[in-house]
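> The chain contents come next:
Number of protein chains: 2
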Amino acid sequence: MLEKWKPEKIKRCSRSDLNVLCDELRSVIYETVMECGGHLASNLGAVEPTVALFYVFDFPRDKIVFDVGHQCYAYKLLSGRADRFGTLRKEGGLSGFPKRKESEYDCYDTGHAGTSVSAALGIAKARDLLNEDYNVIAFIGDGSFNNGLIYEALNSLRILNTRILIVLNDNGMSISPTVGGMHDILNRIKAGGGEENIRLLEKFGLTYRGVYNGNDAEEMIDALTEAKELLKTQSVLLHIVTKKGKGYEFSEEHPTNTHGVSPVGARKDKEYSEVLGSTLCELAREDGRITAVTAAMTESLGLDKFFALYPERAFDVGICEENASVLCAAMASAGLKPYYAIYSTFLQRAFDEIIHDVCAQDMPVTFCVDRAGISGADGETHQGVFDLSYLSLIPGLTIAVPKDTEEFKEMLRFSANFAHPLAIRYPRSGRIVFPSAKAPVEPGKWEYLHRAENSEVTVLATGERCLVVAMKILKRLHEKGMDFDVVNVRFVKPLDEEVLQRCAGRRVVTIEDNVLLGGVGQMISAELARRRENEDFSVKNFAYRDEFIPQGNVGDLQREYGVDCSEIEEYIAGLFR
Amino acid sequence: MLEKWKPEKIKRCSRSDLNVLCDELRSVIYETVMECGGHLASNLGAVEPTVALFYVFDFPRDKIVFDVGHQCYAYKLLSGRADRFGTLRKEGGLSGFPKRKESEYDCYDTGHAGTSVSAALGIAKARDLLNEDYNVIAFIGDGSFNNGLIYEALNSLRILNTRILIVLNDNGMSISPTVGGMHDILNRIKAGGGEENIRLLEKFGLTYRGVYNGNDAEEMIDALTEAKELLKTQSVLLHIVTKKGKGYEFSEEHPTNTHGVSPVGARKDKEYSEVLGSTLCELAREDGRITAVTAAMTESLGLDKFFALYPERAFDVGICEENASVLCAAMASAGLKPYYAIYSTFLQRAFDEIIHDVCAQDMPVTFCVDRAGISGADGETHQGVFDLSYLSLIPGLTIAVPKDTEEFKEMLRFSANFAHPLAIRYPRSGRIVFPSAKAPVEPGKWEYLHRAENSEVTVLATGERCLVVAMKILKRLHEKGMDFDVVNVRFVKPLDEEVLQRCAGRRVVTIEDNVLLGGVGQMISAELARRRENEDFSVKNFAYRDEFIPQGNVGDLQREYGVDCSEIEEYIAGLFR
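So the protein lines, in turn, are chains A and B. Heads up, the first sequence is in our numbering, so the first residue is 1 and it goes up one at a time. Heads up, the second sequence is in our numbering, so the first residue is 578 and it goes up one at a time.
Treat each hint with caution, since some may be false.
Stated by the list, open to error - Straight-line Cα separation of at most 20 Å, SDA-like style, residue types lysine to any residue; simulated pairs:
#1 A:Lys190 with B:Lys780
#2 A:Lys101 with B:Asp939
#3 A:Lys472 with A:Tyr571
#4 B:Lys586 with B:Val605
#5 A:Lys203 with B:Lys780
#6 B:Lys1052 with B:Ala1150
#7 A:Lys203 with B:Gly769
Think of the hints as simulated: they come from the structure by calculation, not from any bench.
Just chain A, with the same shape it has in the complex:
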């Protein structure tokens, strides 16, 4: 039904037309997210502001950058993509985030928080220098507005000397409720906190305007019309208050649970984060030094119970990944034992602090790196496929990768007495528990899941997903009379010297849920090449090839980008010929 709406048509709408349109948008978003999964609550709240934006501005001539991108569904629906909206987040389908490749209406790709204001400034400056004429808008939620990048961008407003409109969509939430000083300031403004709070934002060079019912399309149109006029001579911050989950009662009441929604009927496995939560609670009961730090995603990391049981030792600092890292390093420097839980892709933001604050000072901080490996439907910006590479290059960091949730538990227990920086990386879902006898967790010690007699072949696999592949192949080739060693590479750093020594002169295959470059396979290859002396050996790395991996089903993407079970099986079988 939305196909009939064109940007030109919206501009000629009556008030009641607009309300119909908003209802239609809301119901398509709701139905599609139930079907495909996606970001529900934030997108429901952004419907009226988006309709108003189309009413007032001329896209794609005017440019809009959606911070993170959790609020762009209505925009996609109104910019010629309604007919494809049913493919949302599916392989080859519409992205859940803005994508330049997808439409000329998307001018800048987002996914991680806080980039929109800098991006809008950069685009506006390019417009000025190239003597072009269009409006540039950053559309940002209050959760993202906490990120350090925003402050850096506000600081550079006058330096850039250009004009942008920032629409600050304030629904009081990130994935978790928004927290922090800037949030308090916005709240006081909303509560009628008067002139001085408003002037705060003007000091950076922004003219402030507020709309306290951002879910009223007409109010939004009036405010945007004024903002557009102001924008001719100055930068404008339009602070709009909306309801996350608007129009969908359950979502309004449960904005955290309905932030990211899985398709109806989808398998729910959340075991790794559950293990993190319960094990950390156990450890914290015995050790008063243990603290937990997260950056705006307490529940999805499994830490809600810890936060409830130990509120004085639990810190959600908002979308401030760098601050969280430094806080952990400093807490450790003064005698605490901090755990920093975060998604692999977002930990990239704290890369320098891991080096500079945690590892250079040898601080006993434990990074719990969730959603590692291919993460699926969120696409390029959210795959956790770089961490083994960017973490392993850092001196003094020990990197553990559990083979299953049971081993994850053991690794967490091990971490409690480990006095150095440690990263434990794991995927979202645990599927199986390996029946193997348990060898105690010890840095630099791998584990044989299977030992072959009289075989020249060793498979070194890292993490549950890759070990599942290796064991599946073993089972199949066993039936054909072939046998080989399967090793659980429990520590990516340090490597197991003894096992590597034993691999000299053998045929080695590595499998990892990470990019090839700089990953564990290349480190092992280089190490074997170094050690080979005059011995014979061969080594083959299965890992993701050097490309950004788009959205899709985890298993499909894994196969397609370099960790293909049949291909690996064929390669291994070839070694026996």
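Given chain A, work out where chain B should sit, using these hints.
Structure of chain B alone, referenced to chain A:
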């Protein structure tokens, strides 16, 4: 003369004693920096505040975190390190930055900007949870106060629910003059901008106090005494105005030139940055799309001329490395051709933005990565030895490493027409220009600097420093009748497939000015191991071992940490036996 001063003694000082002490400190700092090199102007400006801190607080029981650390010399002199101060920045000597390993007075290591407030908060929270009782101070310059981490830390003040004192030492400068919105706000406060500007900072949960003559020890003592009292119940921001370079006329007038000072008589070579400046000016004359972006260090990157000639296309955004990256990606998205010049170590801060904003969108941004490799006297926090590893894992990024300043020029010219993300990494100093015939710069094409007849040995060396080592060894071994190929690895990414093909079955040696892990040597080893099939080959990587590299002479550190000319020579000679 300073050895006689003890923290206890300072507390009993008269006003005239304090002035004598400040004079003595200033003269020791001046003389030592002239001798050893170091950060002069910022340290001169911090003398009185530091003396006052010792007067009012009890170190090391009380804790102080110096942001960056360019203001800690007086603190070192007064905390029992005066007798060793002559070893400043020398191998095995005192660090130019705070170092926990050096003294119990140093509670937290710094070097990169913006960490102090987060660190102070983390330490203070640990104090509270462990039921200890001491004061925690963050001492930060106004340049660092621009960094996004500060905003993230301010946002978390109320979440952490603890008490810290922030001393904001406002001298109007980073390395370059401080710029930006927060800077303007501070200036208005200094100019008597009244209540509302002050309240701005209080909204985050800080009680504001100001001292407008921070170089008056008595005024500072009074202010710190009051702050200490306030600190019992709340967090305090003490804004002090000081003179960068105070007491040293030339430095007061030239705070940028005297920010970092080389030892008197030290060789001045600055060729790479000069080439960047002049070549970028040339290119910008022909191409109006070219812009230059830096993060608070225009001069040391060689860009002062560009900023003077093309002010409308030149942007110093302050110490905001992430914002600078996103601005560049966005400028490129809208038709410009941005160059982002930055030190290797500071680019670590923008790691996520290089992935997420520049490379995932395939934007034609050129990173000019200066001070790559071992950078020397600044030590652990400033070595540029990780970049080849953390950059090469990123899909879509081309990485070039010039063999000399001439080739750097060619690479910059090449970049002007290159439509994808590019990083060019180079050391501070160029020493030689290789006489070789020039092959045109082309991604994935290496260059033979020397071709041996009938030799099995190939040396693959990356960058000027390593090629100098390779050619020196070639010359020496030539005299002994040995001969081998020397290849200039001009592109670390992509690798040269043809040359690698030719290396199959040969003895290969790699040399790079980067850590071993994830570096070019390991990539080459893994690639050769993959290709070997049944051929014979050997490969040996010379690169820095997996440790943080402390301060010292560049050449000494290079040898000591894994790129030792004699060791490499011996290894190569061994291949001929």
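> Which earlier hints can't be squared with this structure?
Those not satisfied: there are none.
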